[in-house]
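Visitor: As a plain string of letters, each chain reads:
2 protein chains.
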Amino acid sequence: MILEKCIGAQRCRRIQRALRHGKVTILCLVLTVVVLRGTIGAGKFGTPEQDFIEIRDHFYSRKRAEPHRVLEEVQTTSSDDDPNNYNAFDINTILKDEGEEEKPDPSKPYTLGPKISNWDEQRSKWLKKNPNFPNFVGPSKPRVLLVTGSSPKPCENPVGDHYLLKSIKNKIDYCRLHGIEVFYNMALLDAEMAGFWAKLPLIRKLLLSHPEVEFLWWMDSDAMFTDMAFELPWERYKDSNFVMHGWNEMVYDDKNWIGLNTGSFLLRNCQWSLDMLDAWAPMGPKGKVRDEAGKILTSALKNRPVFEADDQSAMVYILATQREKWGDKVYLENAYYLHGYWGILVDRYEEMIENYHPGLGDHRWPLVTHFVGCKPCGKFGDYPVERCLKQMDRAFNFGDNQVLQIYGFTHKSLASRRVKRVRNETSKPLKVKDELGLLHPAFKAVKVSSS
Amino acid sequence: MILEKCIGAQRCRRIQRALRHGKVTILCLVLTVVVLRGTIGAGKFGTPEQDFIEIRDHFYSRKRAEPHRVLEEVQTTSSDDDPNNYNAFDINTILKDEGEEEKPDPSKPYTLGPKISNWDEQRSKWLKKNPNFPNFVGPSKPRVLLVTGSSPKPCENPVGDHYLLKSIKNKIDYCRLHGIEVFYNMALLDAEMAGFWAKLPLIRKLLLSHPEVEFLWWMDSDAMFTDMAFELPWERYKDSNFVMHGWNEMVYDDKNWIGLNTGSFLLRNCQWSLDMLDAWAPMGPKGKVRDEAGKILTSALKNRPVFEADDQSAMVYILATQREKWGDKVYLENAYYLHGYWGILVDRYEEMIENYHPGLGDHRWPLVTHFVGCKPCGKFGDYPVERCLKQMDRAFNFGDNQVLQIYGFTHKSLASRRVKRVRNETSKPLKVKDELGLLHPAFKAVKVSSS
Chain R
1 MILEKCIGAQ RCRRIQRALR HGKVTILCLV LTVVVLRGTI GAGKFGTPEQ DFIEIRDHFY
61 SRKRAEPHRV LEEVQTTSSD DDPNNYNAFD INTILKDEGE EEKPDPSKPY TLGPKISNWD
121 EQRSKWLKKN PNFPNFVGPS KPRVLLVTGS SPKPCENPVG DHYLLKSIKN KIDYCRLHGI
181 EVFYNMALLD AEMAGFWAKL PLIRKLLLSH PEVEFLWWMD SDAMFTDMAF ELPWERYKDS
241 NFVMHGWNEM VYDDKNWIGL NTGSFLLRNC QWSLDMLDAW APMGPKGKVR DEAGKILTSA
301 LKNRPVFEAD DQSAMVYILA TQREKWGDKV YLENAYYLHG YWGILVDRYE EMIENYHPGL
361 GDHRWPLVTH FVGCKPCGKF GDYPVERCLK QMDRAFNFGD NQVLQIYGFT HKSLASRRVK
421 RVRNETSKPL KVKDELGLLH PAFKAVKVSS S
Chain Z
1 MILEKCIGAQ RCRRIQRALR HGKVTILCLV LTVVVLRGTI GAGKFGTPEQ DFIEIRDHFY
61 SRKRAEPHRV LEEVQTTSSD DDPNNYNAFD INTILKDEGE EEKPDPSKPY TLGPKISNWD
121 EQRSKWLKKN PNFPNFVGPS KPRVLLVTGS SPKPCENPVG DHYLLKSIKN KIDYCRLHGI
181 EVFYNMALLD AEMAGFWAKL PLIRKLLLSH PEVEFLWWMD SDAMFTDMAF ELPWERYKDS
241 NFVMHGWNEM VYDDKNWIGL NTGSFLLRNC QWSLDMLDAW APMGPKGKVR DEAGKILTSA
301 LKNRPVFEAD DQSAMVYILA TQREKWGDKV YLENAYYLHG YWGILVDRYE EMIENYHPGL
361 GDHRWPLVTH FVGCKPCGKF GDYPVERCLK QMDRAFNFGD NQVLQIYGFT HKSLASRRVK
421 RVRNETSKPL KVKDELGLLH PAFKAVKVSS S
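Chain order of the listed sequences is R and Z.
By this note's numbering, the letter at position 396 of the first sequence is numbered 396, and the numbering carries on one by one without gaps.
By this note's numbering, the letter at position 380 of the second sequence is numbered 380, and the numbering carries on one by one without gaps.
The following block holds chain R by itself, in its conformation from the complex (with noise of 0.2 Å):
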């Protein structure tokens, strides 16, 4: 099957040098795409074809990176003091040091923490006797926290800290837009959930500890806001209580993997939403327990290949399984890019300049370019790194622009970290407007006008 798609005179020439660096799989893969992307017509969105390729992409970053994660893991390391030791998160290390607390007893289930059944009749006690730490900041305007993280290490690819970083600066400049507080992650606070699975211990945890965020907003490491201008539809999700990218049709009834993307979600802050971590974890403890749940999840999901359980088909699984439960409470969004497959977008960020404009948040100018399968921190991706590094700077400058017009500033090009003025210093600098608006929008205004 996969020779198949190799063949053609210009692919075969490459497979050759591919095996030489014994990459048929990858290579095949990445032409797979291609070709499928370039019968993709701008904006047809969710199309089988697109499926197909998030498919492709979610199967090969999911597949290999995983085993990958868990065996640098298991290595043992050498005294933290080195400052070269990347191994901080030993397993070994970490339960023999931790004591009886952390290690994992084989006879009763995981859980995230001691049962919790009145959470919302503490919290709105709390509310009450804290009004100066409203949960709402503005009429309809819940007060959020975005949470995302990295790994305490420095990146195996040295370069991926880089793209931390430009990550991170995107996200601060888009929350101090929105009003939005950041919470960065470089801990790892449950050893047996670690991997993709380490956000759920971490949201439960921020969920208890701050009853005054009725919204979190988590966001992988390799997503990027690409519409510094798109404010969130919060109206849409006063009866929702977990909102995704993703569709009814390909989750409920194609019990689709890629149904739905856990990269970029919200989830309110309620005794619901525990219940639902609860039902979600069961799946994530590290060896025996997620190796299992991963061969429940790839007989029951659409398409899903064979490997561990990840915390993405996980809540498919339940959804899909469990929907008269959780399904009144759930959005799953694709009126814009709460999530957007990079694969799609990053090319026709010209277009998308050419014919639109920031504010629309959709195909037409995505909120969220998210790099499924790049791995720019690890040394295992699903793409040629170039194409992962460039295309980030590009999505990373796309949205920059975005923040640099308010104060007379463009990139140079999409390709370009060196910027240009685009307008003139002034001595009357309050009577310029920024074309977006970015600059003292209401929709930040009423966070601090609230209470």
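These are computed hints drawn from the structure, not numbers from a lab.
None of these values were measured; they are calculated from a predicted model.
Treat each hint with caution, since some may be false.
As the list makes no split between identical chains, a pair holds if one copy fits it or if it spans any two.
Claimed, not checked - Pairs of lysine-lysine, DSSO-like flavour, derived with a Cα cap of 30 Å:
id: 1; residue 1: 128; residue 2: 295
id: 2; residue 1: 153; residue 2: 390
id: 3; residue 1: 238; residue 2: 428
id: 4; residue 1: 115; residue 2: 295
id: 5; residue 1: 128; residue 2: 428
id: 6; residue 1: 428; residue 2: 325
id: 7; residue 1: 125; residue 2: 325
id: 8; residue 1: 390; residue 2: 412
Dock chain Z against chain R, hints included.
Guide: Same frame as chain R, but now just chain Z:
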């Protein structure tokens, strides 16, 4: 003089090694610092010994770092599409591409922008018109914007980006806890003012764009918050426009070039500050102007080595020569570490933990630990890079422990990236008070309850 300092069996052995690496000066500097530091007691702050250390420190950090950066900046760049092209700041290219607007005209003196004389009037008008963006967010709590940044290029020393990432995570934490907004700059707004002068055009631009900001807090990327509980004594600065760490005697009497530090300072958003920036900038333009100004500064200031003009020396010079014009609005703070030299702090963290607690901000628990001379992002620091990185990790973890304790965790040691639980989970999370009361502190609450 240098050789004198190097006498001593063990030291000489180290010199022979160093000679092979051609690092005599640096080594002797380090030995000098080490030897002297031994003689300094805890909290003996602002003593001649320490000044001496700082002189050496600043000497080497400034002197050798700058020519290196200049060198790098005049390299010619390959295409910016090449993700391995790190010469984005090639001035020649910028000037060529930008055309006249950026090319310096030797006939007229450099200015930061069109002269503005009525900023206080313009700004107060704006504030009246925009009650939703008050410049004070609580009784005597000004709205503050913390400004920091780094080059848009990956670090020459690849691990440097990881420390920039940790440094911004550290700042995000302090600013979230204290209701301060963050601006992370990655753009060179004015090619003429590259290097440590780049902050001037940036600061002016931000003051003029953000009339709602009362105080702009500049912090170097190599400075980290090590006291997450210390709130600045805003009341103390109600009649001041410019707050730096320093000593009146060292600046006004001794004209000592390290009588103050410009790595962490507060600047009020007002006409006085624009005038100060205009008075500060003329020594900045790269090339002949900066070189000639360097000679003036060296001859006028105590202990200043021979090298091009730097922003810190220029500020000491301005204050020392025009005290009557500026002095009454400048507050040289030394009651706490608005800037704290790492050399006299990082080895005392354990002692501080033993005897004191966060919230003091001074030698007992420093607000800021500033890694002057470490240059983790550059190739040529003044200290062995391993020592710098190890100590930056300790400073990060020291500060991070105060954030982690909020959630019931701590680093296993100041040298360890790993964290461990310090509290058991509970089903009544809101009954748990974090020791430092950082979770919902009054100084943050007022932020929301204002106006």
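Visitor: Confirm or reject each hint.
Guide: Verification of the hints:
1. 128 - 295: Classified as neither: same-chain Cα gap 47 Å, cross-chain 64 Å, threshold 30 Å.
2. 153 - 390: both (24 Å within a copy, 13 Å between copies)
3. 238 - 428: between (42 Å within a copy, 27 Å between copies)
4. 115 - 295: Result: close within a single copy only, 28 Å intra versus 70 Å inter.
5. 128 - 428: For residue 128 and residue 428, only the inter-copy Cα distance (17 Å) is at most 30 Å; the intra-copy one is 45 Å.
6. 428 - 325: between (58 Å within a copy, 26 Å between copies)
7. 125 - 325: within (27 Å within a copy, 55 Å between copies)
8. 390 - 412: This pair counts as within: shortest intra-copy Cα distance 15 Å, inter-copy 38 Å.
When each numbered hint is compared with the structure, a violation occurs for hint 1 only.
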